Amino acid sequence: GRKRERRKKRAGSKQEAELKSIPEANGRTRGSSSSSPGVRRRLRSSRAYRLLRSSVDSAKAFLRVPSDRARGNPDRVLFQKLDVGASGFLDDVAVNTQIAIDRYFSFLKGLTRVLMLDASLLTDALRSQGWGKPATGSRGSPRDAGKKTQGNIRRSPSLMVLKASMKGETGSGELSVSDAIAEAGYPVQKLEVETEDGYLLDLYRIPRPESKEVVVFQHGMMDSAYGWVLKGDESAIAFAAYDRGFDVFLANFRGTPPRRCTERVKTFWSFTFNELGKYDMRAVMEKIHEVKTTEAAEVVGSEVPADADYKLRAVGHSLGGAGLLIYLFDCILRGRDHHLHRMVLLSPAGRHEYDPPLLAQILCLMDRVVGPFLNRLNFGMTVYGSVLRVGAQKMAVDVSSLPGLKGLFDILCRIFFGGDRSFGDVLAPYWTPYIQSMPGLCWGIVRHGHQIVNARRFLLYDYGTRAKNFEHYGQGSPPEVAFEGLDVPIDFVAGRDDGVVPAKCVRLQYEEMRKMGNPVTFEEFRNFGHLNFIHQPSEEFTSYLLSRLSLP
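Anchor point for the sequence shown: position 395 equals 714 in our numbering, and the numbering is continuous, going up by one each time.
Think of the hints as simulated: they come from the structure by calculation, not from any bench. The structure displayed is predicted, hence computed values, not measured ones. C-beta: ideal position from N, C-alpha, C; glycine also. It cannot be assumed that every hint is accurate.
Ranges between beta-carbon positions, derived for each pair [unchecked claim]: (1) T840 with P722: 35 to 45 Å; (2) G620 with T586: 38 to 48 Å; (3) K509 with I730: 56 to 66 Å; (4) K823 with T612: 23 to 33 Å.
Using the sequences and the accompanying hints, generate a full structural model.
Listed below in structure tokens is the structure:
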């Protein structure tokens, strides 16, 4: 009987100690004189008590304030995991407003305590600096007296999360093609290519060394190799080609980050359509040929590169299609091997007989007025500086998340891009990673495009005088990019809703080459804008593209 009584006394003492640690609403702890043991036992068994204990345990597991950090900044909270994305301007305004209100009332609270000569204010300040010992009465239990102070959390945790979200970043903040490919679960290899005139380009590969079916994808204006893997799953064109068994290469034009060159290059932003085809595409094709022949030699155990029996297909979008045509034209003109087995051109630039979109008209007008001056400047049209890039990224977040701004953005895109809806549908979600490493465009590209629009023919760049043209071409005027008896099949693909390179302009190129006896085909896709081919490809289009690439 005595043993049972002693066990009951120990259990009662334990329950009383636990109840003393329960915080009251006024910040004090319960003492033994506040209620009888029976009342405390009923409180302990209540649902409210269990919920309170659960909430306190969860808060302790979520918020941890180490003493070394609390001394320097008692309001600092370390989160176990803070997963926040980039915020828009309007999000920042809302968060800053809440933080300002919180700080205002915190100031009023502190001022009131000072005016009322609250002695606990000095005690709290000393304790936050590590002076003194925690109280054992109303501020804590006796068993916590020997522990170090954990600091005070004076602000709402929700406001801390909001404030931290304003400083959050979306990954590395840089446009990484290799990371996008690896995160999708595909192998990746990065190669460096040096052009004949000294530019250094990145060439990405989703390797199948054993495959003899090879395809290279070339992006368009103000785009990069990232566009071909943007969707991040097997529906992306590059991944679909790899799954079909192709050895996939993703090429970049000059002007795409990281924008490197050798010392031979005196003015980086000085190039036209000509250089993209003659130098960039040439360097890419030769690098692919070198890689495949070297791998073929390793298979047979030879140290000398062997002739690889591979078939190289090329897919070009917009300016990339024009660059491929110039590359092919230059190879035929110089009697070089182009290594190509087939080309698929998606809304290729080159023929613009019909009215260009409003943005192109504005650029042509600027070129007519100040073009000669701008062409002499060594500058690229891109977003410079981290501040401007973050600002542009925040604008993209606002446009993507707010229906009203998204609708306004769609209207502006249709106005400037000839009614093309794909820019409004694609650019808003694409801008967030895109702007951080935005490709650049030099005025030479704009000037060359203006010349093509005026001439209503696909011409190489006009250097302005007969003497300069004769120096580059051996004739007084720039030659037209035209073919006769071509040995490379070309598939022209157009979008019916394309406002940048209308379907009738693509058909014009097809008809002209067909009349000259070249092996060409034409296909038009309904409800397809200029950017739908690479950023939002449909299953129908992807199946068509892979079927053309798989032809023997």
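Results of checking the hints against the structure:
Distance hint check: the CB atoms of T840 and P722 are about 41 Å apart, consistent with the given range 35 to 45 Å. As the Cβ distance of G620 to T586 is approximately 47 Å, the hint placing it in 38 to 48 Å holds. K509 and I730 have their C-beta atoms about 40 Å apart, which leaves the hinted 56 to 66 Å range violated. Hint check: K823 to T612, Cβ distance near 42 Å, so the stated range 23 to 33 Å is violated.
In summary, the numbered hints that this structure violates are 3 and 4.
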